[in-house]
Amino acid sequence: MTEEDKRIRADFPIFENDNTIYIDTAATSQKPLSVLDAVRDYYENANANPLRGLYDLSMRATECYETARSTVAEFVNAPAAENIVFTRNASESLNLVAYSYGMNSLKEGDEVLVSIMEHHSNLLPWQLVCRATGAVLKFVECDKEGHLTPEMVEAAVNDRTKLLAVTYVSNVFGCRNDIKSFAEIIHNKGGIIVCDGAQALPHIPVDVQELNVDFLAFSGHKMLAPMGIGGLYGRQSLLEEMPPFMYGGEMIEIVTRESATYAEVPHKFEAGTVNAGGAVGLKAAIEYMNGIGFETIERRENALSKLCMELMAEDEHIHVIGDKDYVNHHGIVTFTLDDVHPHDIAAILNDENIAIRAGHHCAQPLLKYLGTNSTARASFGFYNTEDEVRQLVAAVRRIRGKMGY
Amino acid sequence: MANTFYNEILTEHNMHPIHKHPMEGANFVLQGVNPTCGDDITLSLKVENDVIVDGAYEGDGCAISQASADMMLDLIIGKSKDEALRLSEIFLRMIKGKITDEEKEELEEAGILEDISHMPARVKCAVLGWHTMDEMFKKKA
Ligand SMILES: Cc1ncc(COP(=O)(O)O)c(C=O)c1O
Chain R
4 MTEEDKRIRA DFPIFENDNT IYIDTAATSQ KPLSVLDAVR DYYENANANP LRGLYDLSMR
64 ATECYETARS TVAEFVNAPA AENIVFTRNA SESLNLVAYS YGMNSLKEGD EVLVSIMEHH
124 SNLLPWQLVC RATGAVLKFV ECDKEGHLTP EMVEAAVNDR TKLLAVTYVS NVFGCRNDIK
184 SFAEIIHNKG GIIVCDGAQA LPHIPVDVQE LNVDFLAFSG HKMLAPMGIG GLYGRQSLLE
244 EMPPFMYGGE MIEIVTRESA TYAEVPHKFE AGTVNAGGAV GLKAAIEYMN GIGFETIERR
304 ENALSKLCME LMAEDEHIHV IGDKDYVNHH GIVTFTLDDV HPHDIAAILN DENIAIRAGH
364 HCAQPLLKYL GTNSTARASF GFYNTEDEVR QLVAAVRRIR GKMGY
Chain C
5 MANTFYNEIL TEHNMHPIHK HPMEGANFVL QGVNPTCGDD ITLSLKVEND VIVDGAYEGD
65 GCAISQASAD MMLDLIIGKS KDEALRLSEI FLRMIKGKIT DEEKEELEEA GILEDISHMP
125 ARVKCAVLGW HTMDEMFKKK A
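Protein sequence lines correspond, in order, to chains R and C.
Residue numbers 4 to 408, in this note's numbering, belong to the letters of the first sequence in order.
Residue numbers 5 to 145, in this note's numbering, belong to the letters of the second sequence in order.
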C-alpha cells in the first residue's frame, strides 16, 4: 500500500471496520468520515423541517439545505442553484423528467431515441412515456466495444426525434460518451437531450454548460454521499414550463379548495419534507472529492483499470468487455470467464471476501445485444489499491480450477 | 463466509451433467426462466402410468441452477409423480431452512444445497428446476 493509499483509506471508516475487498463502487460508493460527520452534525445542530418553519432553527436547516444546492450547482457548473432539483437518486430524477416533461411534451408521431447501453433507469421511463403518448421508442446501437460515435447518433435522429436519452459514462463498458456532440446533433433537430450522469459524476468533472445538456441526472450514493439523496440538473426554461412531478406539501404558493399555484423552480418539484440531512451529506461528499481533486481521482482509477486489464489479459479464459484502452473505463472492468457463470464467479469470490457485481447490471437490452445475459463487473473507486486488484485477478484465475476445469 | 456448496458433487453435476441433453418422446415439457439472472432451463419428462420413466433438461445458467436440475432428475427418475412432488416440496422447504435430517437424507445429493438458504440471491437458481417440475405437473393435473 502506498502512502497515498493509506491516507485515502484512512478517511473511510468501513475499511477499518470490515475487511471486505470492496470492488463494487459502481453499485454504490463507500462513504468518507467527513460525509458521515456532516450528516450527524446537521441532525445534532441544525435540524428542523426546512422551508416551512418561522423560527431560527428551521431557517438554519433551510440554509443548510439550500447551501448544499449551491454546492451541487457549482460542482456541475450549472448557471444557478435553481437549476438543481433534489431527488432520491438518478432513477427518480429520470422519472421526474419522463413524467413531468415527457408526458406533457411528447405526442403521437414523435420519436424518443435511447442508446442501447442505457441503464434500465434511463430506458423504462421512456418506454412508459412512449406507450402513454403514442411516441415511438427507437434505439441507437453502439459497437460491441461500446463505442457510440456522433455519426451513429446522427444517423439515428430525424426531424421527428424530440428527445435523446443517453448515459455519460456506461455502467457496463465504463466508456465515456461524447455528450457534447450528441447534444448538438439533437438540438439541431429541435429536440432535447436527457443525460444520465450517475456513473460520470463520481469519476470525471462534469460541466452541464459545456456539454450543453438539457437534463442531467445523478445519484449521491454513487459519489460518496448517503443513500437517498440525488439530483437533477435542468435547463431553466424547461423547468419553468414543466408541471410538478409529485403533489403535496411545500411545493405550492396558494391552495384553494379546487386548485393551487405552484412554488417556484426548483421547489415545485420537491413535494413533501425534503432530505436535508442527505443534501448536507452530498455537499460534504463534493467537498471531499474537490479536496482529493479529479486529477488524483482519475490518475488512481486509471491505474487500477490499467493493472486490472493487463493482469486479466494474461489469462486466455478471461474476457474484458468494452474499449481496449483502460482510459475509457473509469474504474469499470466488466468481464466474463470461460465456462463459469458470473453468479458463480461472484459467489466464489465472496468466499475470499471479494465483493463484485454479477448479473445483467440493469442493462438487459445491452447484454442481449452483446450476446450474453450475464457478466461479472469489477468497479473501482479511487480508494482501492493495486494490491486489491492483484488479489481480485488472482482469485478470478483460480475459479476455473475450483469449478473442476 | 465459506460456501459449502461449491464442492465436488456440485461441480461434477455442472461439468458432466448426466441428464443435460435433448430428449425424444417426452410428454411433459416446460421452460423455466429466472429473468433476473438469465438462468434458463427446459425440462422434459416422460411419464407412463404416473411414473417418471425418463427425464432430461437443456438450457444454461449458473452452476447451481444447472447442477440442481441434474440432481433433481437423478432423484425423481423412476419415481411416481406424487413422490416427485413430495420430494420437491421437501427441497423447497430445505431452501427456506426448515427440514429435518431425515428429510434431507431423502433428497440424496440435492441435500448439499441446503446452505443456499443463507444466500437469498441464489435461492432462485437452486429452485428453478424444481419449480419447473412442480408447475408442469400442476398445470397438466
Ligand atoms: C448508469 C446508471 N444510471 C442509473 C443508475 C440508477 O441509480 P439509482 O439506483 O441510484 O437510481 C445506475 C445505478 O446502478 C447507473 O449505473
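Derived from the structure by calculation, the hints contain no laboratory data.
Virtual Cβ for every residue (Gly too), placed ideally from N, Cα, C.
Do not rely on the hints blindly, as some may be mistaken.
A short list of chain C residues far from chain R (calculated; beta carbon distances all over 10 Å) [claimed, not checked]:
no., residue
1, E16
2, M19
3, A30
4, T40
5, V51
6, V57
7, K85
8, D86
9, D105
10, E110
11, R126
12, K142
13, K143
DSS-like cross-link-like pairs, simulated, lysine-lysine; straight-line CA separation at most 27 Å [claimed, not checked]:
no., chain 1, residue 1, chain 2, residue 2
14, C, K24, R, K405
15, R, K371, R, K141
16, C, K108, R, K405
17, R, K110, R, K147
18, C, K142, C, K102
19, C, K108, C, K83
20, C, K50, R, K371
21, R, K405, C, K128
22, R, K327, R, K309
23, C, K24, C, K50
24, C, K85, C, K128
25, R, K371, C, K128
26, R, K9, R, K309
27, C, K50, C, K128
Verification of the hints:
no. : hint               : in the structure
1   : E16                : 7 Å, violated
2   : M19                : 5 Å, violated
3   : A30                : 25 Å, holds
4   : T40                : 7 Å, violated
5   : V51                : 30 Å, holds
6   : V57                : 30 Å, holds
7   : K85                : 31 Å, holds
8   : D86                : 33 Å, holds
9   : D105               : 25 Å, holds
10  : E110               : 26 Å, holds
11  : R126               : 7 Å, violated
12  : K142               : 27 Å, holds
13  : K143               : 25 Å, holds
14  : K24(C) to K405(R)  : 21 Å, holds
15  : K371(R) to K141(R) : 16 Å, holds
16  : K108(C) to K405(R) : 25 Å, holds
17  : K110(R) to K147(R) : 33 Å, violated
18  : K142(C) to K102(C) : 23 Å, holds
19  : K108(C) to K83(C)  : 17 Å, holds
20  : K50(C) to K371(R)  : 33 Å, violated
21  : K405(R) to K128(C) : 22 Å, holds
22  : K327(R) to K309(R) : 10 Å, holds
23  : K24(C) to K50(C)   : 15 Å, holds
24  : K85(C) to K128(C)  : 23 Å, holds
25  : K371(R) to K128(C) : 21 Å, holds
26  : K9(R) to K309(R)   : 20 Å, holds
27  : K50(C) to K128(C)  : 25 Å, holds
Hints 1, 2, 4, 11, 17 and 20 from the earlier list are contradicted by this structure; the remaining hints agree with it.
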